[in-house]
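*Asks:* As you go down the protein sequences, you meet chains G and P in turn. With the numbering used here as the guide, the letters of the first sequence map in order to residues 1 to 292. With the numbering used here as the guide, the letters of the second sequence map in order to residues 1001 to 1316.
Hints were generated in silico from the structure; no laboratory data involved. Ideal Cβ positions, reconstructed from N, Cα and C, are used throughout, including at glycine. You may find that some hints are simply not true.
[To be verified] With beta-carbon atoms standing in for the labels, derived distance ranges:
1. Phe1021(P) to Glu183(G): 32 to 38 Å
2. Leu16(G) to Ile1112(P): 27 to 33 Å
3. Met1163(P) to Phe115(G): 57 to 63 Å
4. Ile268(G) to Ile1112(P): 27 to 33 Å
5. Leu1213(P) to Ile122(G): 41 to 47 Å
6. Pro1173(P) to Glu19(G): 49 to 55 Å
7. Ile1219(P) to Phe255(G): 38 to 44 Å
8. Arg113(G) to Leu1166(P): 32 to 38 Å
[What the hints assert, rightly or not] Simulated coverage check for chain P against chain G, where a stretch passes if three residues somewhere in it have a Cβ under 8 Å from a Cβ of chain G:
9. 1020-1026
10. 1151-1160
11. 1245-1253
12. 1263-1276
13. 1285-1298
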Amino acid sequence: MTITRKPIRLSFLRTLFGERVSRTVGAVLILLVVLGCIFVPIFSSHDPSDLVAPPMQAPSWAHPFGTDVVGRDVFVRTFAGGRIDLFAALIVVGFNATFGTLLGTAAGSSTRRAFDSVVMRIIDAILAVPMVVLLLAVVMVVGSTNAWGPLPAGLPGAMIAMMLIGWAFYARLSRGQALVYRESDFVVASRIAGLSQWRIVTKHIFPGVGRLSLSNAIGDLVASVVLLASLPFLGAGVQPPAPEWGSIMYEGRGFLQQAWWITMCPGIILALTGLGLSFLADSFLDSREAGK
Amino acid sequence: MGTRALRRIASRVGQSLVTVFVVCTLVFAMIRLIPGDPVLQILGNEASPESIKALRSQLHLDGSLLQQYGSYLSDLLHGNLGASLIQRGRPVSEIISSSVTSTLTIALFGLILGVLVGMIAGVWGAVTRRKAVNVGVQAFSILAYATPTFLFALLLVLVVALMWGLLPAGGWPGGFVQSLPYAILPAIALGVNLAPKFLRPVRQEAIDVQDTLFMEAAISRGLPRRKLNLSHVLPNSLLPLVTLVGISLGGLLTNAVIVEAVFGIPGLGSELSKAVAQRDYPVIQGITLLMSVTVIVGNLLAETMYQFVDPRARVQ
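Turn these sequences into a full structure, and let the hints guide you.
*Replies:* Below, the structure written as structure tokens:
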């Protein structure tokens, strides 16, 4: 979620094979993970929390990722956990991007400067505090053990915390971009032509700002999944026994020597998701807006 | 250094002080926003009225909200962070000073490593004519970006410590020299996570520099390639690093806390997550304030430094 300057394209696949290959590889990776998350829990004969075999069994045909410290199937848990991680990241990033972009565009293209500076002071205050501190604070206030409906314990608090903070990055980025467009020739021309402020903002400024936010949002999905999976290591986040990539790995970290598969198999899936999203985000960048 | 630059620095110092104040207020509000009575949550429902009263005054929860805020701020100004609720009244400042060394060591080594790798790989990837180097730099950057710090840290423990037995898998013996081997793997985990954040802007800057007029002039004077890269491209590409180091301090501290958990290092992070789990509010307050102030001061230093390093920033 650290977006401090305009994104820079840096996909080695693009350099080697061009844009279409980079986009295809990214899409295929994401599709595989998403399909796994949808279908593995449906078609497997056991639940993610079922004890199916003796503890800490190495990967085999019956259990491709082995079993964990109490004998649950890591393969099923990983893909059931992916549902939680991907769902939460989509909701959080969707909210942050929408709210932040709308507010940032409004502030940047507003004719009332007071509105702009109030919004900017709030953004500055949010961005000045280290993320971990704000996250832990919000998680503590919301409660780290609350389960809401189908959401497992710890997830609502983590999601609210990420939503309270994350929009500020989009708002700052969108405001800057809106300011650039406000002074650009085509906006000045439409102003001279007598178009209303509403029409200028919705038809001429917002589309460009929105595209920049969209390409950021895809990259931000990586950061959000990583952040959510890191929270168990900070004493917050999704609480066991719910399967979530971070909490599975946190549970397995003390048994690296005896059973590396408990941490490494979900880790590989997490890294592949991150890679796929990075390739995709890269190919969505408009070449006029991105660096070289 | 003109008066204009001095005035800008002064106004940045003012802004930072306001931010520090906002953070203090946030921390004050945080403990009061927790649903229910924090005192009852700590002591349980069967606590005696005396102990409830004592804890209430210790946490500045008695009196009006304004009085609470006043005594909280005056304690802070006197450098009094209060005492732990769980660890038998141990002062928070003592908890911090005994745990800060390990965190600081791994964070500092991680930062140095991240800057070095980001700087060298960024410039090298930009000036090289060999495609393999360019692709390698990009591959490293995107892999390091997509891999979470804790995953890479766990991988280091598994491969370097457990399989090869080269370095200790975790812990912290205390004492600077004895602890150095224990700091290597955590520092590598932090540095590798940090490097792409430096690498990308440095690489971009190094590419941009090559299109400038002074580069053209230097090339036409017939300077050798190596000299050109070292004396013209490198110094100009390092400018973004100054501000980037300041900006990335917050993320570095977050990751240091995570890496501590992976390696079982007793530091600020383990104290913080222990305090969060046990609702030890004074300790949470103290560490929160320390981390925030570190980041704010780091940002301020970075921006002030920039005025000295880049003459153009003084004119604009």
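*Asks:* Does each hint fit the structure? Answer for all of them.
*Replies:* Taking the hints in turn, this is what the structure says about them:
{"no.": "1", "hint": "Phe1021(P) to Glu183(G): 32 to 38 Å", "in the structure": "holds, 34 Å"}
{"no.": "2", "hint": "Leu16(G) to Ile1112(P): 27 to 33 Å", "in the structure": "holds, 32 Å"}
{"no.": "3", "hint": "Met1163(P) to Phe115(G): 57 to 63 Å", "in the structure": "holds, 59 Å"}
{"no.": "4", "hint": "Ile268(G) to Ile1112(P): 27 to 33 Å", "in the structure": "holds, 30 Å"}
{"no.": "5", "hint": "Leu1213(P) to Ile122(G): 41 to 47 Å", "in the structure": "holds, 42 Å"}
{"no.": "6", "hint": "Pro1173(P) to Glu19(G): 49 to 55 Å", "in the structure": "holds, 52 Å"}
{"no.": "7", "hint": "Ile1219(P) to Phe255(G): 38 to 44 Å", "in the structure": "violated, 58 Å"}
{"no.": "8", "hint": "Arg113(G) to Leu1166(P): 32 to 38 Å", "in the structure": "violated, 60 Å"}
{"no.": "9", "hint": "1020-1026", "in the structure": "holds (count 3)"}
{"no.": "10", "hint": "1151-1160", "in the structure": "holds (count 5)"}
{"no.": "11", "hint": "1245-1253", "in the structure": "holds (count 6)"}
{"no.": "12", "hint": "1263-1276", "in the structure": "holds (count 5)"}
{"no.": "13", "hint": "1285-1298", "in the structure": "holds (count 5)"}
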